[in-house]
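Student: Chains as they are written, first to last, in numbering that gives the first Met the number 0: chain P, 0 to 375; chain R, 0 to 375.
FYI, nobody ran anything at the bench for these hints, they're computed from the structure. A few of these clues could be false.
Remember, identical chains collapse to one label, so a pair may be satisfied in a single copy or spanning two.
Cross-link-like lysine to any residue pairs, in silico, SDA-like; alpha carbons within 20 Å at most [said to hold, decoys possible]:
hint, residue 1, residue 2
1, LYS151, LYS274
2, LYS86, ASP113
3, LYS174, GLU252
4, LYS46, SER223
5, LYS2, ARG30
6, LYS151, PRO342
7, LYS356, MET315
8, LYS313, GLU253
9, LYS77, LYS209
10, LYS2, ALA32
11, LYS329, LYS361
12, LYS209, ASP76
13, LYS100, ASN210
14, LYS2, ILE27
15, LYS209, ARG97
16, LYS152, GLU298
17, LYS314, ARG206
18, LYS2, THR52
19, LYS46, GLU78
20, LYS361, ASP216
21, LYS100, LYS221
22, LYS313, GLY35
23, LYS287, GLU107
24, LYS75, LYS209
25, LYS2, GLY35
26, LYS174, MET23
27, LYS329, ALA39
28, LYS287, ARG43
29, LYS361, SER31
Protein chains: 2
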Amino acid sequence: MEKELLLMLPGPVPMPERVRLAMMRQAINHRSAEFGAAYADCVRVLKTAFGTTNDLMVISGSGTAGMEAAIANVGKDKEIACIVNGKFGERMLKISQRYGKAHEIKSEWGTPIDLAALEARLEQGAQVVTLVHNETSVGIRNPAQEVGKLAKKHDALFIMDGITSIGGDTVEADKWGVDIAITGSQKCLAAPAGLAMVSVSGRAWERLTKNPPYYLDLAAYKKSAAGTPMETPYTPAVPLFLALREACLIIEEEGLAARIARHHRMSGAVQAAAKAWGLSLFPKLDAKHGYSTTVTAVEYPAGVKDDEMRATIKKMGIVIAGGQDHLKGKIFRIGSMGAVSAPEILATLAATQHALKRSGFKVQGDGVAAACEVLG
Amino acid sequence: MEKELLLMLPGPVPMPERVRLAMMRQAINHRSAEFGAAYADCVRVLKTAFGTTNDLMVISGSGTAGMEAAIANVGKDKEIACIVNGKFGERMLKISQRYGKAHEIKSEWGTPIDLAALEARLEQGAQVVTLVHNETSVGIRNPAQEVGKLAKKHDALFIMDGITSIGGDTVEADKWGVDIAITGSQKCLAAPAGLAMVSVSGRAWERLTKNPPYYLDLAAYKKSAAGTPMETPYTPAVPLFLALREACLIIEEEGLAARIARHHRMSGAVQAAAKAWGLSLFPKLDAKHGYSTTVTAVEYPAGVKDDEMRATIKKMGIVIAGGQDHLKGKIFRIGSMGAVSAPEILATLAATQHALKRSGFKVQGDGVAAACEVLG
Numbered sequence: 000m001e002k003e004l005l006l007m008l009p010g011p012v013p014m015p016e017r018v019r020l021a022m023m024r025q026a027i028n029h030r031s032a033e034f035g036a037a038y039a040d041c042v043r044v045l046k047t048a049f050g051t052t053n054d055l056m057v058i059s060g061s062g063t064a065g066m067e068a069a070i071a072n073v074g075k076d077k078e079i080a081c082i083v084n085g086k087f088g089e090r091m092l093k094i095s096q097r098y099g100k101a102h103e104i105k106s107e108w109g110t111p112i113d114l115a116a117l118e119a120r121l122e123q124g125a126q127v128v129t130l131v132h133n134e135t136s137v138g139i140r141n142p143a144q145e146v147g148k149l150a151k152k153h154d155a156l157f158i159m160d161g162i163t164s165i166g167g168d169t170v171e172a173d174k175w176g177v178d179i180a181i182t183g184s185q186k187c188l189a190a191p192a193g194l195a196m197v198s199v200s201g202r203a204w205e206r207l208t209k210n211p212p213y214y215l216d217l218a219a220y221k222k223s224a225a226g227t228p229m230e231t232p233y234t235p236a237v238p239l240f241l242a243l244r245e246a247c248l249i250i251e252e253e254g255l256a257a258r259i260a261r262h263h264r265m266s267g268a269v270q271a272a273a274k275a276w277g278l279s280l281f282p283k284l285d286a287k288h289g290y291s292t293t294v295t296a297v298e299y300p301a302g303v304k305d306d307e308m309r310a311t312i313k314k315m316g317i318v319i320a321g322g323q324d325h326l327k328g329k330i331f332r333i334g335s336m337g338a339v340s341a342p343e344i345l346a347t348l349a350a351t352q353h354a355l356k357r358s359g360f361k362v363q364g365d366g367v368a369a370a371c372e373v374l375g
Numbered sequence: 000m001e002k003e004l005l006l007m008l009p010g011p012v013p014m015p016e017r018v019r020l021a022m023m024r025q026a027i028n029h030r031s032a033e034f035g036a037a038y039a040d041c042v043r044v045l046k047t048a049f050g051t052t053n054d055l056m057v058i059s060g061s062g063t064a065g066m067e068a069a070i071a072n073v074g075k076d077k078e079i080a081c082i083v084n085g086k087f088g089e090r091m092l093k094i095s096q097r098y099g100k101a102h103e104i105k106s107e108w109g110t111p112i113d114l115a116a117l118e119a120r121l122e123q124g125a126q127v128v129t130l131v132h133n134e135t136s137v138g139i140r141n142p143a144q145e146v147g148k149l150a151k152k153h154d155a156l157f158i159m160d161g162i163t164s165i166g167g168d169t170v171e172a173d174k175w176g177v178d179i180a181i182t183g184s185q186k187c188l189a190a191p192a193g194l195a196m197v198s199v200s201g202r203a204w205e206r207l208t209k210n211p212p213y214y215l216d217l218a219a220y221k222k223s224a225a226g227t228p229m230e231t232p233y234t235p236a237v238p239l240f241l242a243l244r245e246a247c248l249i250i251e252e253e254g255l256a257a258r259i260a261r262h263h264r265m266s267g268a269v270q271a272a273a274k275a276w277g278l279s280l281f282p283k284l285d286a287k288h289g290y291s292t293t294v295t296a297v298e299y300p301a302g303v304k305d306d307e308m309r310a311t312i313k314k315m316g317i318v319i320a321g322g323q324d325h326l327k328g329k330i331f332r333i334g335s336m337g338a339v340s341a342p343e344i345l346a347t348l349a350a351t352q353h354a355l356k357r358s359g360f361k362v363q364g365d366g367v368a369a370a371c372e373v374l375g
């Protein structure tokens with residue numbers, strides 16, 4: 000087997016060796032002090048990354064399972080306002096449609112969310128609001144704090160998908176009034192895919208709906224996590240928990256503030272390169288929105304073909320992402336999540352610059368040099 | 000860290016080194032030919048272990064997620080006959096209660112299932128039947144073939160939990176008329192915990208209910224698995240899939256028939272030891288039931304305390320299981336699932352024999368010697 004491809008995707012992301020090695024461990028009993036201690040380590044660090052003192056539980060399943068757990072446990076038969084300006088907002092909407100009366104608060108993908116439409120819907124009685132904090136499909140950071148204020152004003156529960164922000168960008172779930180925050184393991188935490196983390200506020204516990212899916216019943220997770228040792232209600236994916244624990248310890252050692260600053264620097268380097276090339280970032284921002292600091296979405300210049308450009312980059316051992324759904328062929332996306340550092344960013348930008356030229360695009364300036372100015 | 004405890008539980012079970020090492024791999028893209036090939040390897044081997052040519056899909060989640068996927072996709076708002084003679088039968092009942100009108104077909108834990116009561120319920124219009132094939136809580140093997148015949152006769156769908164039989168005991172899902180069979184990764188397959196596998200018959204696909212949980216929507220898994228490359232609808236727990244692939248390749252190399260024979264031999268050795276000691280196996284059988292060949296449940300003799308005995312055994316580095324719920328203190332259980340071989344069985348029986356004596360029980364004969372007769 001040749002060397003692994005360097006994944007510069009908006010997840011999954013490369014894992015530090017310590018994280019990978021933790022999975023080699025022989026099977027251990029998941030009803031044991033050893034497992035309980037690993038789970039407790041994860042929860043301690045994750046609470047800091049979520050910015051919460053609420054209950055926090057880990058589900059063996061992908062981020063989508065976490066999104067569904069949130070909606071199914073408080074949204075059943077409720078009026079749900081789903082803010083959509085990208086693919087994962089749409090997923091929240093689709094899940095909400097299975098449980099309650101979902102109302103789409105729609106903006107074009109990559110444009111600011113419509114806070115006025117949200118407020119109108121809240122005035123009409125929406126009881127739950129869903130938001131994707133960092134919309135990786137378009138590279139935009141949505142104003143969670145503003146949404147939290149509106150939800151609180153109208154006494155609605157606020158569910159925030161922080162799958163690609165938590166651990167890489169500033170998240171203050173409690174300060175922002177988030178009732179249920181969700182993240183996934185294979186994004187900014189740089190752990191393997193397969194775990195979802197969910198925090199739940201006291202207000203949300205008071206408003207639990209009946210009969211959520213059995214496997215995603217958050218009250219069962221809460222009860223098991225409160226035991227000694229700390230447990231999960233059903234058999235957990237033990238190797239993934241052990242890996243997540245290492246990933247969390249790494250976050251603690253780096254320091255959350257330093258980790259967030261690193262994510263800003265890495266995405267800043269990608270943004271600087273795009274600017275130097277003369278390309279536009281995809282999101283259209285207003286004063287309340289920001290560019291994602293965990294994935295950068297760039298518009299393709301006329302004439303550059305997505306498949307060809309990414310194939311050229313892949314030949315150099317690097318994988319970047321294209322656009323999803325109707326954005327296929329229109330944008331490319333470079334992830335800067337998790338453990339990513341200057342060498343990976345520089346290699347990716349060098350390969351991208353080469354591929355742009357190869358595709359016939361005349362870059363305005365040297366993007367790699369511009370990135371070095373940010374990173375150096 | 001000292002050496003791992005030897006887990007002789009009804010799951011999780013020790014994993015072969017190859018399986019554990021597979022998880023060390025750096026993150027790979029789950030939308031790639033490499034991942035698709037690993038998934039395809041799993042499905043090819045699992046179909047032989049299930050005894051099916053039906054569609055077979057892998058869900059990132061524990062066996063319970065697989066049980067719920069089965070019930071939620073065909074049982075919603077239906078009359079469901081849930082056969083219960085142990086803890087996992089009860090779990091099937093609890094899950095069924097969240098989706099349809101569940102009718103318990105109850106027997107005392109560890110006693111034969113009530114086929115007459117099942118038939119009566121089918122005559123009253125039950126549309127779905129659930130059965131736990133190998134009930135680990137009590138060490139009994141239930142007559143799946145008989146249940147399949149009754150379900151077919153009354154045109155009901157048959158959901159079979161094969162979580163602790165598939166890959167370790169004979170399962171012929173298609174011959175037995177099983178519409179949805181389920182297994183989990185950390186049992187007879189000797190892979191890490193965290194994956195559930197579900198096979199679905201044509202008849203079951205035709206009777207899908209609307210709006211199952213989003214994460215457990217089997218039609219979405221079918222669609223993604225039919226693509227090139229083979230995929231899952233949501234991000235899979237990649238390291239667990241890579242480990243499962245190795246576990247499946249090991250099954251293929253050993254040969255399924257030889258693997259099943261080995262499980263029979265290992266459980267036969269435990270049964271022989273219990274008999275030699277003068278202890279009774281817990282299940283009460285009739286001609287249609289058998290002792291589990293993946294876990295052996297033994298009644299405690301009067302005066303032997305569960306906590307003390309298992310503590311003595313644990314001091315020797317071995318973990319066996321006690322009874323669950325109302326059987327706590329009344330039985331102990333020794334698993335013989337997965338990669339388990341003579342050395343682990345002999346060590347476990349030697350430690351158990353010592354612990355029985357230490358607890359004041361006067362064994363009739365040498366259980367370790369009796370086991371050697373079976374194994375040698």
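Student: A separate judgement is required for each hint: does it hold in the structure or not?
Tutor: Hints versus structure:
{"no.": "1", "hint": "LYS151 <-> LYS274", "in the structure": "neither (39 Å within a copy, 66 Å between copies)"}
{"no.": "2", "hint": "LYS86 <-> ASP113", "in the structure": "within (16 Å within a copy, 50 Å between copies)"}
{"no.": "3", "hint": "LYS174 <-> GLU252", "in the structure": "neither (24 Å within a copy, 56 Å between copies)"}
{"no.": "4", "hint": "LYS46 <-> SER223", "in the structure": "within (18 Å within a copy, 34 Å between copies)"}
{"no.": "5", "hint": "LYS2 <-> ARG30", "in the structure": "between (37 Å within a copy, 18 Å between copies)"}
{"no.": "6", "hint": "LYS151 <-> PRO342", "in the structure": "neither (43 Å within a copy, 62 Å between copies)"}
{"no.": "7", "hint": "LYS356 <-> MET315", "in the structure": "within (15 Å within a copy, 66 Å between copies)"}
{"no.": "8", "hint": "LYS313 <-> GLU253", "in the structure": "neither (31 Å within a copy, 38 Å between copies)"}
{"no.": "9", "hint": "LYS77 <-> LYS209", "in the structure": "both (12 Å within a copy, 19 Å between copies)"}
{"no.": "10", "hint": "LYS2 <-> ALA32", "in the structure": "between (38 Å within a copy, 16 Å between copies)"}
{"no.": "11", "hint": "LYS329 <-> LYS361", "in the structure": "within (18 Å within a copy, 78 Å between copies)"}
{"no.": "12", "hint": "LYS209 <-> ASP76", "in the structure": "both (10 Å within a copy, 16 Å between copies)"}
{"no.": "13", "hint": "LYS100 <-> ASN210", "in the structure": "both (17 Å within a copy, 14 Å between copies)"}
{"no.": "14", "hint": "LYS2 <-> ILE27", "in the structure": "between (31 Å within a copy, 11 Å between copies)"}
{"no.": "15", "hint": "LYS209 <-> ARG97", "in the structure": "both (15 Å within a copy, 9 Å between copies)"}
{"no.": "16", "hint": "LYS152 <-> GLU298", "in the structure": "neither (37 Å within a copy, 61 Å between copies)"}
{"no.": "17", "hint": "LYS314 <-> ARG206", "in the structure": "neither (52 Å within a copy, 46 Å between copies)"}
{"no.": "18", "hint": "LYS2 <-> THR52", "in the structure": "neither (42 Å within a copy, 36 Å between copies)"}
{"no.": "19", "hint": "LYS46 <-> GLU78", "in the structure": "neither (29 Å within a copy, 43 Å between copies)"}
{"no.": "20", "hint": "LYS361 <-> ASP216", "in the structure": "neither (54 Å within a copy, 47 Å between copies)"}
{"no.": "21", "hint": "LYS100 <-> LYS221", "in the structure": "neither (27 Å within a copy, 27 Å between copies)"}
{"no.": "22", "hint": "LYS313 <-> GLY35", "in the structure": "between (41 Å within a copy, 18 Å between copies)"}
{"no.": "23", "hint": "LYS287 <-> GLU107", "in the structure": "within (16 Å within a copy, 63 Å between copies)"}
{"no.": "24", "hint": "LYS75 <-> LYS209", "in the structure": "both (8 Å within a copy, 16 Å between copies)"}
{"no.": "25", "hint": "LYS2 <-> GLY35", "in the structure": "between (35 Å within a copy, 18 Å between copies)"}
{"no.": "26", "hint": "LYS174 <-> MET23", "in the structure": "neither (39 Å within a copy, 38 Å between copies)"}
{"no.": "27", "hint": "LYS329 <-> ALA39", "in the structure": "neither (44 Å within a copy, 32 Å between copies)"}
{"no.": "28", "hint": "LYS287 <-> ARG43", "in the structure": "neither (31 Å within a copy, 51 Å between copies)"}
{"no.": "29", "hint": "LYS361 <-> SER31", "in the structure": "neither (61 Å within a copy, 31 Å between copies)"}
Violated hints, in rising order: 1, 3, 6, 8, 16, 17, 18, 19, 20, 21, 26, 27, 28 and 29; the structure is consistent with all others.
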